[in-house]
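Fit chains B and C to the known structure of chain A by using the hints.
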Amino acid sequence: MREIKYMDAINEAMKEEMSRDETVYLIGEDVSQDIWGTSCDLFEMFGSERVRDTAISEAAIIGSAVGAAIAGYRPVVNTMFADFAMCGADELLHKAAKWRFTHGGKIRIPMVVRAPAGGYSRLGPEHSQCPESLFMRTPGLKIAMPSTPYDAKGLLKTAIRDNNPVIFLEHKNLMGHTGPVPEEEYLVPFGVADIKREGTDVTVVATGFMVSLAQEVAEVLQQDHDVSLEIVDPRTLEPLDLDTILASVRKTKHLVVVDEETSRCGPAAEIGMLVMENAFDYLDAPIKRVAAANYPIPGGYLEQFVLPQPQAMADAVAAVLGREKLDLQGKVVAKGAM
Amino acid sequence: MELSKELLIDLYTTMVRIRRCDEKVIECLFAGKLITFYHSCQGQEAPGTALGRSLRKDDYLYYNHRGHGLPKVLPKGMSPKTFIAEHYGRATGAAKGYAGFHNCDIEIGIPGMGGMVGGEATLAAGTALACKLRGKGQVTANMFGDGATGRGPFHEAMLMSATWKLPLIWCVENNRYQQWTCISLTHPKEDLADFAHGYGIPSAVVDGQDVIACYEALQPAIERARAGKGPTLLEFKTYRFRPHVEGFPDFSVQCEGGCRPEFEVEEWKKRDPIKLMEATLLEKGVLTEADIERIHREATEEMEEADRFSADSPWPDPKGLDQALYAD
Amino acid sequence: MALPINIPKLGMTMELANLVEWKFSEGDWVEKDRVVLAIETEKISWEVPAVGSGYLHIIVEIGNKAKVGAVVGLLCPTQEELAEVQKQLPPAAAMAAKPVPATAATARTAAVPLKTAEKPPAPSSPAARRLAKELNVDLSGVTGTGPGGRITEADVRRFYEEGPPRPKITPLAEEVARQAGLDIMTIQGTGNGGTITKEDVARTLAAGKTPEPSAPVRAIPFTGMRKSIADNLYASLHNTAQLTTFTEVDATEMVRFRDLVREEYKNDDTVRISYNDILIMATARALKRFPIMNSNLVGDEILLFEAVHMGIAVALPEGLIVPVLKHADKMNLLEIARGARDLAHKARAGTLTVDEVTGGTFTISNTSMFPVDGATPILKPPETAILGISRLREKPAVYQGAIAIRTMMVLSLTFDHRVADGAPAAEFVGTVARYIENPSLILA
Chain A
0 MREIKYMDAI NEAMKEEMSR DETVYLIGED VSQDIWGTSC DLFEMFGSER VRDTAISEAA
60 IIGSAVGAAI AGYRPVVNTM FADFAMCGAD ELLHKAAKWR FTHGGKIRIP MVVRAPAGGY
120 SRLGPEHSQC PESLFMRTPG LKIAMPSTPY DAKGLLKTAI RDNNPVIFLE HKNLMGHTGP
180 VPEEEYLVPF GVADIKREGT DVTVVATGFM VSLAQEVAEV LQQDHDVSLE IVDPRTLEPL
240 DLDTILASVR KTKHLVVVDE ETSRCGPAAE IGMLVMENAF DYLDAPIKRV AAANYPIPGG
300 YLEQFVLPQP QAMADAVAAV LGREKLDLQG KVVAKGAM
Chain B
0 MELSKELLID LYTTMVRIRR CDEKVIECLF AGKLITFYHS CQGQEAPGTA LGRSLRKDDY
60 LYYNHRGHGL PKVLPKGMSP KTFIAEHYGR ATGAAKGYAG FHNCDIEIGI PGMGGMVGGE
120 ATLAAGTALA CKLRGKGQVT ANMFGDGATG RGPFHEAMLM SATWKLPLIW CVENNRYQQW
180 TCISLTHPKE DLADFAHGYG IPSAVVDGQD VIACYEALQP AIERARAGKG PTLLEFKTYR
240 FRPHVEGFPD FSVQCEGGCR PEFEVEEWKK RDPIKLMEAT LLEKGVLTEA DIERIHREAT
300 EEMEEADRFS ADSPWPDPKG LDQALYAD
Chain C
0 MALPINIPKL GMTMELANLV EWKFSEGDWV EKDRVVLAIE TEKISWEVPA VGSGYLHIIV
60 EIGNKAKVGA VVGLLCPTQE ELAEVQKQLP PAAAMAAKPV PATAATARTA AVPLKTAEKP
120 PAPSSPAARR LAKELNVDLS GVTGTGPGGR ITEADVRRFY EEGPPRPKIT PLAEEVARQA
180 GLDIMTIQGT GNGGTITKED VARTLAAGKT PEPSAPVRAI PFTGMRKSIA DNLYASLHNT
240 AQLTTFTEVD ATEMVRFRDL VREEYKNDDT VRISYNDILI MATARALKRF PIMNSNLVGD
300 EILLFEAVHM GIAVALPEGL IVPVLKHADK MNLLEIARGA RDLAHKARAG TLTVDEVTGG
360 TFTISNTSMF PVDGATPILK PPETAILGIS RLREKPAVYQ GAIAIRTMMV LSLTFDHRVA
420 DGAPAAEFVG TVARYIENPS LILA
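Protein chains in written order, with numbering that gives the first Met the number 0: chain A, 0 to 337; chain B, 0 to 327; chain C, 0 to 443.
Chain A extracted, bound-state conformation (with noise of 0.2 Å):
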C-alpha cells in the first residue's frame, strides 16, 4: 500500500468530501493555506466561496457554522490551534453542542471543528494544548482523535459526513508522520477502537499523538524487559468503544491510560473510571494515567517537565506490573524533549 503524510490524508479526505457534496465549505482564518499543510490545492479546485477565508472572528467562524449547518449546510471549520477554538466556546461547547438537544431534536448540526492540537513543539501555554476532556464533558459533540493518516482520513471523510457536530483532533506533531493509506475510498467508522500493538500483560489506552510514543515505548519494554502492551487507540472518544478496551483489560487485567490532555479531569481519569465501574473484578492492580502535568503548557525548556514522556509510560507500565523499574535508557525520546 503507498504511504502518505498525515497532513496529506486530511487534505485528500477534504478533497474527497468537498467533491461529493457541494455543501461542504472549509472555514477558518487562512484556511486557504494552513500552516499546518493541509490545504494543497483546496482553493485552487474549490475557489473563495467553499475555502473561507474569514476575520479573526473565532465566534462568528464556529457560530456561523452551526447555522449554516442546521441549514442544510456542512461546514468545515479549521481553528489552526485547537487552543483558539476556546474563543468560539459558547458557539461550540452550547450552540454546536446542545441546540439540536435543546430543540428536542428537531434540527441536525452537521458540522466539523478541525482543532490542530498538541504540544511538543515548545509553542507555549496556548498553542500547545490537547483540550479533548472540554469536548468530552459536552454531550452533543463527537470527537475524533486520529493517531495515523489512515485513521485521519477515514475518521476525517466520516467526520464530514456525520450529522452531528464532530470535533476533529488532529495532532500537530503527526501532520508529517507518513503511513499506508489505500487509494481506494475508505471511511473509519466512529466508535470502533483500533488495537495497534497486540500483546497481553498491560493494556495501554492511547490517543492522537501518544499513540506512537506509547508504540515506541512498547518496542523497547519487550526488547528490553520482556514486557508485553496491548495498545488500544479509541479514534474517537465519543463515541467511546468502552467494549474493546474492557475486552483487552479482561485479557491483561493491568490499564495504564496515556492522554495529552491535562492529567485533572483529562480523558484518562474518564475512561480509568469506566473501567472501573465496569471492568473493576478484571483489574490486578490500579489503575495508572500519565498524561500532562497539572500545569499550563510551559513554553521552550520546561515543556518537557509537563508533557507526558515516554519514560513516564514506562513507570506506569512497571507500577501496574509491580516491576520495580522499566528503564528505557533513553531509546525513546518524545520530540521536544531536550
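Don't take each hint at face value.
As the list claims (entries may be wrong) - Derived, one-sided and incomplete: chain A residues facing chain B with beta-carbon distance under 7 Å: (1) G66; (2) A70; (3) Y72; (4) F100.
Hints in this document: simulated from the structure, not taken from any laboratory.
Beta carbons: idealized from backbone N, C-alpha and C, even for Gly.
Frame of chain A, contents of chains B and C only:
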C-alpha cells in the same frame, strides 16, 4: 408605502394575540402551572410582529429571550399551543419539552434560541451564508435586544455579514435596559444603529411602538438582502412594560440612570403599540369597536384553548434523550 | 532488665524461622530453661528455651516469620518492668507494623520491624476476587505474586488448576511421609493451625489410613501413595544414568563371624548383631577407600564426603523409609548394631527426627528377607550409589579347588554413571565382597 387593509388587520390581530398569550403565560406562571421562568414582552409586540409578518416561510428568524421569542415566532407562524406547551414542559411543546422556553420550528424557519444574550448572532451569519450559497433568495433575520450589542460575537458576526454581503437583517430592539442597568451606563451612544457605520452597512432608527413604521422600515432591508446586496441594521426604539423577568422587582440599586423610574414606565405605556394601532385603525375606519372587541375575545379564547391543550398534553418520554442528543 | 528471646541460628543457611507456638501466654512467669517458644524452619522444628526467668512479653505473634537474631519476646524480671515494656512495646497486635522503638531491651535489633500480631489478610486484586468467587476458591490459601504480595487473577487460576494447597506440615513430618510414600493430602494435621506433625504421619501410617482405591475392581488408582512413590522413582531413573553391577559373594565366613559375635554378646540385650550390621560396616569401610562412591551430585558439583552417613532402607508395612546412620565409618560393629536398631525402632514408632532421615551419603537396600537373588536398586538422588543385598543361600560352590556347600549371596550396586566410571564401581563392590568373604579384612 400603502399597506393593505388585510395586512393592517393582521398586524393588529397578531399583536393582540401576542399580548394575550404573554398575559396567559404570566397567569399560568403565577398559578404554578408553568414550570420555568418568563421574560414578558408586553410593550414590545410591534417590531417582532412586523418582522415575522414580513418574512417568507423559508426565511430564517433568530429571536431572543424577550417573551421567549413570542413576538417573533407567533408572527412567523408558530402556534401558541406549542409555545405554551413548551413552557409547561410537555411533549407537544415547540422543543418537545426539552428546553422549557427555547422554541424551535425549523419547518417554518425558526432554528431556536440559546441561553447567551446575543449568542444567536453568529449563527444567524452562518444561516445567512447558507441562504446566500443556496441562491434561492432566502434571507435570515436576527432580532435581539440592546444588551446583545455588548457582546463580541455580535460584532464578529456583523463584520462577517458585512464583509460577505450576507442576506441578513439585523434588528435590535433597544428598550434601553439590559436587566436593570440602563444603556446610558454601558454604551457611549443611545443610537445602536450607529454601529452600522463601522461595518459599512445601511441602518435606520425606527419607532418600535408603531407597527406600521416597523413594517415599512423592514421592507427595504429585506429586499436588499434578497437582492444579495448585504445586511442592514435596524434599531427599533421600544420599551418593556414589565420587569426583566417575572417575579423580580423592576428597579436597580443604580439610581442615577440605572433604574426604571415609574414615571418613565407610565410615559411609555401611553405609547402601547396595540393601543396606537387600534387608534389608527379606528381612525382609518379599517376596524370598528365591535371588530376590536371580537379580536380581543378570539385571542383570549385562543389562549384559553392553548392553555387547556398544554395542560392535557403528555410529558416527554425520557427514553427520547438519546435520540435528541445525536442525529442518526 | 528484660531478657530478650531471640530466634536462634540453627543452621548455616538459616535466615528466617516461623513462629509455631508460644508455650506461655503474655505476662506468664517463665522459668529459666523452660521451653518458651516453638519455631520451625524449612528443615527443622526447634524449641527455644528461656535464657533466664521472667514475665513473658510477646513481641511477635505466632504465624509470623522472624529473622535470625530477632527479638520476638522479652522476659521481664518484675511485673513493673513488664508493664513498662508493654507500654513501650505494645503487643504486636496493636502495633500495625510500626518499627520497634529503640529501647534498651531492643537496641540490638531495633532495625528489625515488628510483625503485626494478626496477620492481615493478603491483599487480592479485584480480578483475583472475582475469579475466586467464580471458581469457589478460598483466597486465604492462595499465595500472592503481584505487587506487594497481592493475589492476582493468575495466582487464583494457578491455585485452581494445580489443586488445593499443600497442607501445612513440619519439615520432619514431610520427610517421613515422603519416605513412607504417604500422600500428605491424606493426613489430618493436629499441630498448630492444623499443621501436620510427625505424630500425625505416624498415626496415619499406623492406622493404615492410606487412600483406598475407589475405582472398579480392575482399575488401580494411580494416585496418592502409589503416585508419590512412582514420581520419586521415575525422577531418579529419569534424571540419572543408572547402572547396576552384580557380584556373587561367598558369605560363609560372614555367617560364621556373625555367629561368633552373637555368641560373645549373647547376654547383652542391647545388641543383636545382624548380617545387615556387618554389611553396613563393610560398606562404610570400603567407601573410605572409594570416596567417589560416597558422594552427592549437586548442581554442577560432585560433593565428596569425608564421613559416611549410611542410609538404611527400612521396610514398614505402609512403605519404605530411609533413616540415616551418621558417621557409620567411625563406628565399631556394636555401635553400628545399636544405632541401626535404634533407627529402625524409631522408624516403626514414627519418632525419627529430621536429622535422622536426611543427610545420607550412601544407601543400603537389604532385601535378604525375600526369596530373590539380586535386584537393581534405584538410586536415591543426590547420592551416587546404592547397594542391594540379596538373600543368603547355601549352594554348591568351588571352594579351595573343590565343590563344597557354601553360603552365597549377590551384591548389586547401582551407581550413577555420570559421577563414577565402571572401574572404580567394580573395584568398590569387589572390595565389599572381599570384606564379606574375609570379615577380618575389615579390621585392616
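Violated constraints from the hint list, given by number and in increasing order
none
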